[in-house]
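S.K.: Each chain, letter by letter, is given below.
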Amino acid sequence: MQNKRYTRREFIRNLSLTTLAGLSLPLLSSCAKEEVEDFLQKHFHEMTEEEKKRVIAKLEQRYLQKYGRKFQISTKEALPDTLWGYGLELSRCIGCRRCVYACVKENNHSRHDPQLHWIRVLRLKRGNLINLENSEHYYDPDLVPEKGFIYLPVQCQQCQNPPCVKVCPVHATWQEPDGIIAVDYNWCVGCRYCIAACPYKGRVFNWTEPNIPKEEINPSVHYLGNRPRMKCAVEKCTFCIQRVRSGRYPACVEACPTGTRKFGNLLDPNSEIRYIIDRKRVFRLKEDLNTEPKFYYFFEA
Amino acid sequence: MEKFQEILNDSWDFYRRTLILVAKGSKLYYAWCLSLLAIIIVGFIFYLKQHEVGLIATNMNDQVSWGLYIANFTYLVGAAAAAVLLVVPSYVYQFKPIKEIVVLGELFAASSVMMAVLFVMVDLGRLDRFWHMLPFIGSMNFPQSLLAWDVIALNGYLILNIFIPVYLLVNFYYRKKPNWKFILPFILLSIPWAVGIHTVTAFLYNGLPARPFWNASILAPRFLASAFCSGPAIIIIIFQIIRKVSDIKLENEALFKIAELIAYAMFLNLFLLGSELYKEYYSHSIHMAPVEYLFEGLHGHNLLVPWIWAAMAMNVMAFFIFMIPQTRKRLSILNLGCLLVIVGVWIEKGPGFVIPGFIPDPLGEIHEYIPNLLELMVSFGIWALGLLVFTLLMKVAIPIETGKFTHTDYEKGVTAFRPH
Amino acid sequence: MKKETTVIALGILLLGFWFTSSANGAGEEFPVAPPPVTEGMFPCSNCHASIEINRKKRELKEEHSQIKLHHAETMRWCLDCHEVRNRDKLRLYNGELINFTESYRLCGECHGPQYRDWRAGIHGKRTGYFMSPGKRTYYLCAHCHDPHEPQFKPIKPEPPPFPPAVKNHAK
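Chains as they are written, first to last, in the working numbering: chain A, 38 to 338; chain B, 2 to 421; chain C, 82 to 252.
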């Protein structure tokens with residue numbers, strides 16, 4: 038009697054274990070060689086030149102299949118003696134959001150589900166600048182600028198003391214030598230601690246696989262910048278790393294119709310941004326948090 | 002080599018016999034385990050959907066990027082830390098009534114930590130990249146990132162709270178005296194470690210200047226105070242259930258002592274809450290917006306207001322129940338008090354803590370958050386898994402403690418006594 | 082003798098050209114985008130070479146009637162900026178004539194601080210490369226500010242982001 042019960046128990050036990058194993062198969066998914074490679078991919082900093090080249094080739098292949106375009110993926114390093122700074126003339130911003138959508142196009146954002154914007158334009162009532170609680174993000178009038186309001190675009194400030202870098206548990210985000218805070222999209226585990234830590238809401242999350250229309254894809258990308266991302270990785274403004282490391286203006290600077298945005302090398306005394314800091318009254322957002330952002334706002338009028 | 006072979010044989014024998022032990026039980030036991038299993042499977046299926054589509058399947062978004070999962074995680078780490086309220090009386094003060102149940106309390110802590118770790122795992126966007134968080138193999142950002150500290154602290158606590166009870170229980174199973182010189186340092190280590198896990202969890206919220214609601218020095222003390230309310234309350238309820246369904250002897254005195262400790266902890270919790278409210282309301286800076294959202298509603302958004310006031314009422318009621326000896330020593334009222342504390346602290350520390358940190362967000366936006374069905378189902382699944390694991394652990398631990406389950410060399414029926 | 086005179090005359094002419102060319106200002110020092118002239122309107126001398134000069138300040142009725150002057154119109158009118166004898170050129174206050182590609186010099190005569198900032202590269206718009214060896218292209222004042230009606234007109238903004246509650250809805 039005892040033995041019979043024992044065998045029945047054992048049978049039930051074995052059955053339940055097998056069921057559990059079977060249920061976990063979807064999690065392991067189709068362990069294709071590609072996915073195993075992806076799984077084992079090293080951190081960008083730990084990759085040798087050879088490995089980087091291989092990863093680039095693999096990505097180019099994938100993007101060609103997915104989007105039908107030949108991509109140029111750069112891994113260009115920071116230029117020597119550069120520290121990028123951004124200037125924004127608040128007296129000129131009219132809140133037209135051309136910068137937001139130029140960024141979306143240049144940097145291959147997901148257009149919907151989720152809709153990712155790296156730049157957020159806030160509308161504030163005149164007389165109020167610091168208390169952002171009274172800002173309006175979803176203004177949609179027929180014409181801008183609206184009377185009695187000013188507009189404050191905010192994006193990742195590429196802080197010199199970045200709180201996001203401090204809190205990332207896996208070193209997926211770090212500060213490059215030229216001041217840009219970069220993210221290795223393949224290393225991010227999606228814990229969203231950095232999003233909680235950022236005082237400027239500069240970082241956004243790919244809540245699912247991004248949706249980029251094929252005809253609007255931008256194929257000149259940088260590995261740490263605007264290459265098409267994947268689901269559940271964090272992303273943010275990179276000062277158009279694919280442009281500035283060749284000395285080109287970021288897309289938002291070129292898109293602004295009122296010349297609000299300025300860019301330059303903080304270490305070059307003849308740069309536009311240094312001219313601004315030397316002669317205009319610049320301030321930075323939330324300076325009391327000691328993050329040392331590199332985004333200088335200023336007013337003319 | 003022979004000794005090693007012997008240990009291997011004994012371990013396998015022990016393991017096999019525990020499997021038989023957990024597979025046998027009363028009808029109630031089967032009903033309980035199977036219903037928990039059903040909830041777990043439902044939760045798992047929902048999790049698969051989330052794993053496939055991504056976290057868009059939840060109600061979290063860029064503005065409120067942590068939700069029900071992290072709320073539960075915070076609460077459960079606190080519950081786990083509460084085992085220290087059993088360890089200290091037992092091993093430091095040699096308080097006999099609690100000493101009999103301390104091993105069970107440590108197993109409860111282990112289940113609680115396991116649940117907490119699971120909640121973090123389901124919250125991760127890329128669980129397949131979890132190995133990036135491991136030291137040496139991945140690139141753990143230690144010591145800068147508090148999440149890295151938390152990984153080490155929680156896993157260390159889990160290992161401690163499995164190792165210590167298993168060591169003691171297996172020794173008792175083989176009717177061997179445990180080597181106290183060996184095990185006592187680990188036990189004593191688990192005391193500061195318990196405080197440590199919850200302090201680290203508090204610090205991970207605390208160190209964010211971007212979120213003024215969390216960036217308060219009072220956070221870590223409040224976490225500990227509320228943890229020492231909720232955890233022991235769960236323990237009191239669970240142990241009464243255990244007393245009823247098994248034949249372990251559990252004196253009421255143990256429960257009343259724990260309840261007394263809860264009273265002190267709840268007083269501290271309420272005092273710290275009062276301090277926080279004074280600071281926010283009197284200073285009246287713009288940083289009080291999250292507190293205003295929580296207690297009054299902000300610009301018409303007031304989803305959490307009824308919840309937090311309910312939690313406040315529950316906590317205050319429970320405080321009086323635990324403080325007044327007459328109500329504390331009446332089991333029926335004590336149980337009511339425990340339930341009030343468990344739910345009240347869950348609201349206060351879970352959603353009532355995590356969500357206002359995101360409202361308003363750093364750029365002033367207000368987006369309310371309610372967990373959706375998927376998050377609820379996955380959360381229930383993990384709670385059920387924790388309860389199931391704890392049940393199975395108890396199914397083995399209690400017979401060992403009472404002496405019913407013992408090495409085949411000994412006859413069954415020998416009266417149990419724990420060699421202290 | 083005739084040969085010598087020719088040489089001297091040529092020399093004076095050459096010198097004259099050289100001086101007058103340098104009198105045209107320091108030359109084009111900023112790489113600018115092409116001036117935003119209306120289609121078919123440039124060179125202006127196509128029409129104006131044969132039209133009689135009328136210096137009287139008046140409202141234009143026959144041509145250029147779509148231009149509404151809202152730019153210091155109480156103090157200046159068309160011919161204060163456009164050179165009356167050569168409509169392909171603009172006229173500085175001291176009488177110097179400049180090309181449309183150098184129109185910033187004319188704007189800078191009144192709008193000194195903006196001109197100074199524009200020269201430094203912090204007013205207005207530049208595209209291209211801000212670091213050598215790449216080149217940047219300056220936008221002329223006229224590219225953004227219509228010289229006849231400089232005040233910016235309000236424009237339609239791009240759509241706002243989707244609020245999180247409607248994130249699952251269509252594009």
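Derived by calculation from the structure, the hints in this document are not laboratory data.
Just so it is clear, the structure is predicted and the values come from calculations on it, not from any experiment.
Please note that a few of the clues may not be correct.
Claimed, not checked - Restraint-style ranges between C-beta atoms, simulated for each label pair:
{"no.": "1", "chain 1": "C", "residue 1": "Tyr174", "chain 2": "A", "residue 2": "Glu329", "range": "40 to 48 Å"}
{"no.": "2", "chain 1": "A", "residue 1": "Arg106", "chain 2": "C", "residue 2": "Glu110", "range": "50 to 58 Å"}
{"no.": "3", "chain 1": "A", "residue 1": "Glu329", "chain 2": "B", "residue 2": "Trp310", "range": "50 to 58 Å"}
{"no.": "4", "chain 1": "B", "residue 1": "Val196", "chain 2": "A", "residue 2": "Asn51", "range": "57 to 65 Å"}
{"no.": "5", "chain 1": "C", "residue 1": "Pro115", "chain 2": "A", "residue 2": "Gln102", "range": "36 to 44 Å"}
{"no.": "6", "chain 1": "A", "residue 1": "Gln102", "chain 2": "B", "residue 2": "Glu297", "range": "36 to 44 Å"}
{"no.": "7", "chain 1": "C", "residue 1": "Gly121", "chain 2": "A", "residue 2": "Glu253", "range": "51 to 59 Å"}
{"no.": "8", "chain 1": "A", "residue 1": "Leu77", "chain 2": "B", "residue 2": "Val196", "range": "58 to 66 Å"}
{"no.": "9", "chain 1": "A", "residue 1": "Gln102", "chain 2": "B", "residue 2": "Leu340", "range": "54 to 62 Å"}
{"no.": "10", "chain 1": "A", "residue 1": "Glu114", "chain 2": "B", "residue 2": "Phe164", "range": "42 to 50 Å"}
{"no.": "11", "chain 1": "A", "residue 1": "Arg106", "chain 2": "C", "residue 2": "Tyr174", "range": "30 to 38 Å"}
{"no.": "12", "chain 1": "C", "residue 1": "Ser126", "chain 2": "A", "residue 2": "Asn307", "range": "35 to 43 Å"}
{"no.": "13", "chain 1": "A", "residue 1": "Arg106", "chain 2": "C", "residue 2": "Ser126", "range": "29 to 37 Å"}
Glycine included, C-beta positions come from ideal geometry on N, C-alpha and C.
S.K.: A separate judgement is required for each hint: does it hold in the structure or not?
M.R.: Right, here's what the structure says about each hint:
no.: 1; hint: C:Tyr174 <-> A:Glu329: 40 to 48 Å; result: 46 Å, holds
no.: 2; hint: A:Arg106 <-> C:Glu110: 50 to 58 Å; result: 40 Å, violated
no.: 3; hint: A:Glu329 <-> B:Trp310: 50 to 58 Å; result: 41 Å, violated
no.: 4; hint: B:Val196 <-> A:Asn51: 57 to 65 Å; result: 43 Å, violated
no.: 5; hint: C:Pro115 <-> A:Gln102: 36 to 44 Å; result: 41 Å, holds
no.: 6; hint: A:Gln102 <-> B:Glu297: 36 to 44 Å; result: 54 Å, violated
no.: 7; hint: C:Gly121 <-> A:Glu253: 51 to 59 Å; result: 34 Å, violated
no.: 8; hint: A:Leu77 <-> B:Val196: 58 to 66 Å; result: 38 Å, violated
no.: 9; hint: A:Gln102 <-> B:Leu340: 54 to 62 Å; result: 57 Å, holds
no.: 10; hint: A:Glu114 <-> B:Phe164: 42 to 50 Å; result: 47 Å, holds
no.: 11; hint: A:Arg106 <-> C:Tyr174: 30 to 38 Å; result: 54 Å, violated
no.: 12; hint: C:Ser126 <-> A:Asn307: 35 to 43 Å; result: 40 Å, holds
no.: 13; hint: A:Arg106 <-> C:Ser126: 29 to 37 Å; result: 48 Å, violated
The structure fails hints 2, 3, 4, 6, 7, 8, 11, 13 (numbered hints given earlier, in ascending order).
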